[in-house]
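J.: Residue numbers (the numbering used here), protein chains in the order written: chain L, 149 to 440; chain A, 12 to 425; chain V, 64 to 376.
To be clear, the hints were calculated from the coordinates, so they are not data collected in a lab.
Small disclaimer: the values here were computed from a predicted structure and weren't measured.
All C-beta atoms in this analysis are idealised placements derived from N, C-alpha and C, irrespective of residue type, glycine included.
Watch out, some of these pointers could steer you wrong.
[Unchecked claim] Calculated pairs, DSS-like style, for lysine-lysine (alpha carbon to alpha carbon, straight line, at most 30 angstroms):
{"#": "1", "chain 1": "A", "residue 1": "K162", "chain 2": "V", "residue 2": "K89"}
{"#": "2", "chain 1": "V", "residue 1": "K89", "chain 2": "A", "residue 2": "K97"}
{"#": "3", "chain 1": "A", "residue 1": "K97", "chain 2": "V", "residue 2": "K337"}
[What the hints assert, rightly or not] If we take Cβ atoms under 7 angstroms as the criterion, some of the chain V residues that face chain L in the derived model are:
{"#": "4", "residue": "W170"}
{"#": "5", "residue": "P171"}
{"#": "6", "residue": "I182"}
{"#": "7", "residue": "A183"}
{"#": "8", "residue": "E193"}
{"#": "9", "residue": "L348"}
{"#": "10", "residue": "A349"}
{"#": "11", "residue": "V361"}
{"#": "12", "residue": "P363"}
As a plain string of letters, each chain reads:
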Amino acid sequence: MTTLLQTLINGLLYGGILSIAAVGFSLIFGVMNVINLTHGIFVVGGAYGALIAWSVLGIDPLLSIPPLMLIAFAVGWILQRAVIQPAVERGNPVAALLVTFGFTLVALNLLTVFFSSSVRSISPSYSFINLRLGEVSFDLVRLIAFGCGLALIAILGSFMRFSRWGRIIRATALSELGARLCGVDARGVYAVTFAVGSAFAAASGVLIGMMLPFTPAEEVTWTVYAFIVVTLGGVGSLGGAMLGGVLLGLVSALTQTYLGGVFTNMVMFLILLGTLLLRPNGILGSAFKASR
Amino acid sequence: MAYRITRRGSIKAFSAAVGMAALGRGGKAAAQSQPVVTFGGTIPFSGRWAEIGQSVHAGYQTVVKYVNEVQGGVDIGGKRHRLELKLVDDASDPQRATTLLQKQIDDDVQFFLGSYSTPIILPQAALTERARRPMVQAGGGGDPIFTQGYKFVFGMYPRASRSAFPAVDAFEALSPKPKTFTVVYTNDPFSKPQGLGVIERLKEKGLQVVKTFELPAQLQDVSAVLTSVREDQPDVVMCLTSDQNSLLIARQMAQSRTDVKMLFTSLGPQAASFREALGKYADGITCISTWSPTFPYSDPIFGSTAKFAEYYRANNTLPLIYHQGTAAACIVAYVSVLQQVGRIDNPIAVRDALAKLDIESLYGRIKFTPEGDGDPVLMGSAVTQVQGGDIKVISPERLREAPPIWPIEPWSKR
Amino acid sequence: MNRNLLIILAALVLIALAATLPFFLKAFYIRVGLSIFLSAGFAVCWWMLAGFTAYYSFGHTAFVGVGAFAAALALRGVADAGLVLQLTVALIAGLGVAGGIAAAIAWPILRLRGHYFTIAMLAVALVLGEAVSAFPVFGGSAGLSLPNLAPMSVRVEAFFYWLALGLLALVMAIAWAISRSRLGYGLAAIREDEDAAQMLGVPTTRFKAIAFVLSGGLTGALGAVYALNLGYITTDSVFRGSLSLEMIVNSLVGGMGSLLGPVIGAAVMTAVTKLLLADLLEYHLAITGVLIVAVVLVAPDGIAGLWRRRTRR
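Based on the sequences and whatever the hints tell you, model everything.
T.: What follows is the structure, encoded as structure tokens:
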């Protein structure tokens with residue numbers, strides 16, 4: 149019984165990580181219908197940013213989140229305006245995908261040259277504190293990351309719901325033409341959306357860097373996980389990203405305990421495939437574009 | 012955008028750039044009066060194995076630089092020869108690696124060094140074998156490399172399935188003797204045979220294997236393993252895992268306060284960044300080290316391991332770990348053999364000499380099995396343990412620097 | 064009719080010319096040629112689906128991997144047979160198993176449109192890759208060896224060069240035949256407007272499935288050759304995201320509008336990455352990335368598209 153409980157707790161906390169990582173991706177996919185292959189590299193970039201802040205400047209990684217988000221916002225904005233928007237306008241549906249892939253290669257190369265592929269980890273003083281509740285234990289870092297992740301998602305959610313920009317973004321997602329007719333600068337909206345998505349990806353990267361060892365090559369993993377979470381939970385829905393992440397985390401933990409570690413990835417990918425085949429909108433999704 | 016990037020303009024500029032790159036590649040400085048011995052091969056400078064590739068390259072470079080600059084070349088057959096490295100980036104891709112190696116074979120490179128990782132070295136070995144040119148490599152230990160009947164490939168390590176035996180032997184020698192073991196390995200061409208080999212060896216020695224875990228090659232979470240360890244309480248947890256996975260396991264173990272009497276992670280603690288990431292929780296973790304700069308060997312080129320380490324550190328910023336040592340050993344082996352043979356145009360004689368080689372070098376004794384891998388006893392790894400933030404050799408006896416800490420301090424007490 | 068005959072003749076001449084090259088070139092260049100033919104073959108197979116129907120698969124590496132492992136495992140059963148038999152077994156295994164899997168998933172997966180199809184194919188590739196690693200019977204994690212099927216009298220690289228050239232010619236012939244057939248027109252209609260096509264009586268489901276199975280099966284056959292050429296495969300060497308991406312990039316660089324596009328794209332990209340960038344050790348990933356971005360922005364119709372625009376002036 150304890151095993152089950154511990155497994156569920158592990159799954160929940162791990163799921164929190166997955167949700168956080170998927171948030172930015174969900175926004176971009178839902179609003180702009182772009183498969184954003186740069187997602188993972190912003191996540192990893194955020195982790196490296198926090199690494200520098202912590203090891204060189206001595207700043208606690210949690211405090212480095214706001215400045216890193218600003219930097220990611222700027223980079224994402226420029227990238228979208230200069231590269232992705234022109235690619236989308238070229239008409240070819242895979243253009244955006246390829247261009248984001250191209251950028252990722254460049255960024256990956258630069259990160260590898262600058263940081264080398266050594267395994268890194270951000271370990272502030274509270275990294276190794278462990279909490280016990282009866283027979284079950286959990287890491288303080290994961291709890292903190294989970295909490296911060298929730299806070300981030302709540303911030304993004306209220307931004308989308310209540311702010312002026314949030315409404316404009318949602319309107320443009322529902323109908324670009326309609327929004328334009330109302331005087332909205334659609335291109336500007338897309339640039340901001342991408343920038344916001346990238347900023348949140350970077351923030352999640354900081355949290356992930358505190359929990360898991362990372363290398364530049366990890367970016368593929370996080371992009372793929374983002375796909376799975378968003379597809380499962382539902383495109384364009386933040387609640388969906390949370391739900392998807394938590395569900396996936398639970399499945400992963402349960403598979404590991406009861407089926408065997410080798411099968412965890414396979415099961416996760418099967419879930420992705422299954423969701424696409426049976427319910428492409430995902431559990432909570434309200435896809436903005438038709439899926440079939 | 013302030014100006015329009017015209018299609019035509021960009022295409023012209025792009026083609027010009029590509030053209031110039033192609034031209035610029037051509038002219039390289041030549042004109043040297045000394046005859047040259049060229050060592051060819053590919054190295055992963057990018058891709059999955061980039062970091063290790065850079066260390067391996069640094070190892071090769073250090074020996075070559077020393078021989079050329081400090082010794083003025085190596086005496087082969089009465090004449091001084093310069094050493095030259097001709098290594099290209101294979102991007103950790105087997106297809107690319109084989110194509111690029113073929114070019115070098117076409118260009119009449121006689122002697123080859125190894126890249127890194129079995130899936131790259133195995134197809135490359137097929138090429139060099141067919142061309143009847145020797146390859147001395149320190150990057151591929153997978154059993155398939157040495158069970159194909161190849162005569163021209165030599166590896167500086169014992170094959171994967173035997174590579175972790177020294178760890179089992181070291182634990183067996185601990186007192187009081189540990190009784191129960193949990194073995195963890197990942198599903199890839201190196202870890203898995205290593206793990207299976209360890210399990211066999213443990214059983215042979217009458218040590219009980221309580222549980223084994225086969226995990227995916229890229230780990231994200233090992234809670235299931237930890238839960239089991241907490242329940243079964245084995246004396247020793249042996250993880251035949253690569254750096255990143257080892258770090259994950261060790262961190263999660265420490266974080267969840269899963270106490271063990273001994274934690275072994277085959278790869279990981281050798282790197283300073285690993286030890287830094289864990290801080291005080293790294294102490295006590297054991298690993299295997301095929302080589303350490305503190306080994307007390309004498310060397311035909313540098314004089315001793317220590318002098319090699321000194322020269323390396325004076326010329327490199329990349330931290331000195333075992334990869335540089337094993338790589339350097341390849342060149343030391345070649346030089347020794349070339350001097351014996353007395354000529355640089357006879358790869359078959361060089362191959363025969365390598366098969367019979369038995370010398371002491373900065374790396375240790377170099378002697379290959381008939382299949383080409385390192386002799387499991389003479390070239391077996393040392394077992395090291397993190398003590399006070401540094402790694403110290405605890406086994407075998409002849410290399411021991413410090414007594415083993417056994418059992419290690421529980422995480423909760425640190 | 065005349066034009067078709069001319070095209071066939073020209074193609075035969077080119078193939079014959081290409082086939083003579085191994086007698087003049089050094090082994091390295093033969094290998095580059097072999098790489099080009101394999102990449103071009105993969106790109107054409109991918110294009111068979113994407114170019115005709117605009118269904119962009121992001122997971123064709125699944126078929127490469129399946130073909131490779133099917134061949135490797137099948138060869139174990141005929142280890143003592145003659146070289147020709149072994150080669151036939153390998154090719155048929157690759158074609159059959161990959162084609163079979165494509166047929167099995169065709170109906171559910173082709174119901175998805177746009178990005179959902181793209182991601183679903185990625186998921187298929189990921190699942191199959193993991194399965195091959197996770198279940199020891201497939202041997203993906205430890206790796207599988209394949210025998211050297213080149214006859215003693217032929218140089219190995221030349222053997223694979225001709226084999227790859229032959230398969231490329233076959234694949235191109237099939238693609239060309241499709242484009243000239245009723246199937247081809249139906250697929251083009253699907254690309255333009257699938258719902259309209261369906262309403263007009265085009266058997267969209269069947270046509271898509273045929274294109275999908277052909278695309279997947281032929282990729283599998285090429286995958287078998289890819290594996291034979293490597294001699295030793297692990298999951299990572301044949302189930303690689305970069306293989307899927309290369310197929311897409313090659314097709315786009317060359318131009319999606321015609322059969323020659325993927326071939327030209329593959330030739331250009333292989334030449335650039337293997338020849339020019341071989342010396343630019345540390346930065347070749349970045350340069351490749353910049354190249355991809357440049358091509359997409361500057362020449363979205365690819366090289367073939369540029370050529371067409373030129374000749375229209």
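J.: So, for every hint listed, does it hold in this structure?
T.: Checked hints:
Only pairs whose Cα atoms come within 30 angstroms are accepted, and K162/A paired with K89/V is accepted, the gap being roughly 25 angstroms. Annotation: proposed proximity of K89/V to K97/A holds, straight-line Cα distance about 19 angstroms (limit 30 angstroms). Between K97/A and K337/V the CA atoms are separated by roughly 16 angstroms; this keeps the pair inside 30 angstroms, and the hint holds. With a least beta-carbon distance of about 10 angstroms to chain L, the hint placing W170/V at the interface is violated under the 7 angstroms criterion.
Taking 7 angstroms as the C-beta cut-off, the interface hint given for P171/V holds, the closest approach to chain L being about 5 angstroms. At a threshold of 7 angstroms, the smallest CB-CB gap from I182/V to chain L is about 6 angstroms, leaving the interface hint in force. Hint status for A183/V: holds, given a least beta-carbon distance of 4 angstroms to chain L, under 7 angstroms. A cut of 7 angstroms between beta carbons decides the hint on E193/V: the least distance to chain L is about 4 angstroms, and the hint holds.
Residue-level restraint check for L348/V holds (minimum Cβ-Cβ distance to chain L is 4 angstroms; threshold 7 angstroms). For the restraint placing A349/V at the interface with chain L, the shortest Cβ-Cβ distance is roughly 4 angstroms, inside the 7 angstroms limit, so the hint holds. Look at V361/V: its Cβ only gets to about 10 angstroms from chain L, farther than 7 angstroms, so that hint breaks. For P363/V, the interface hint holds, the least distance from its beta-carbon to any beta-carbon of chain L being 4 angstroms, beneath 7 angstroms.
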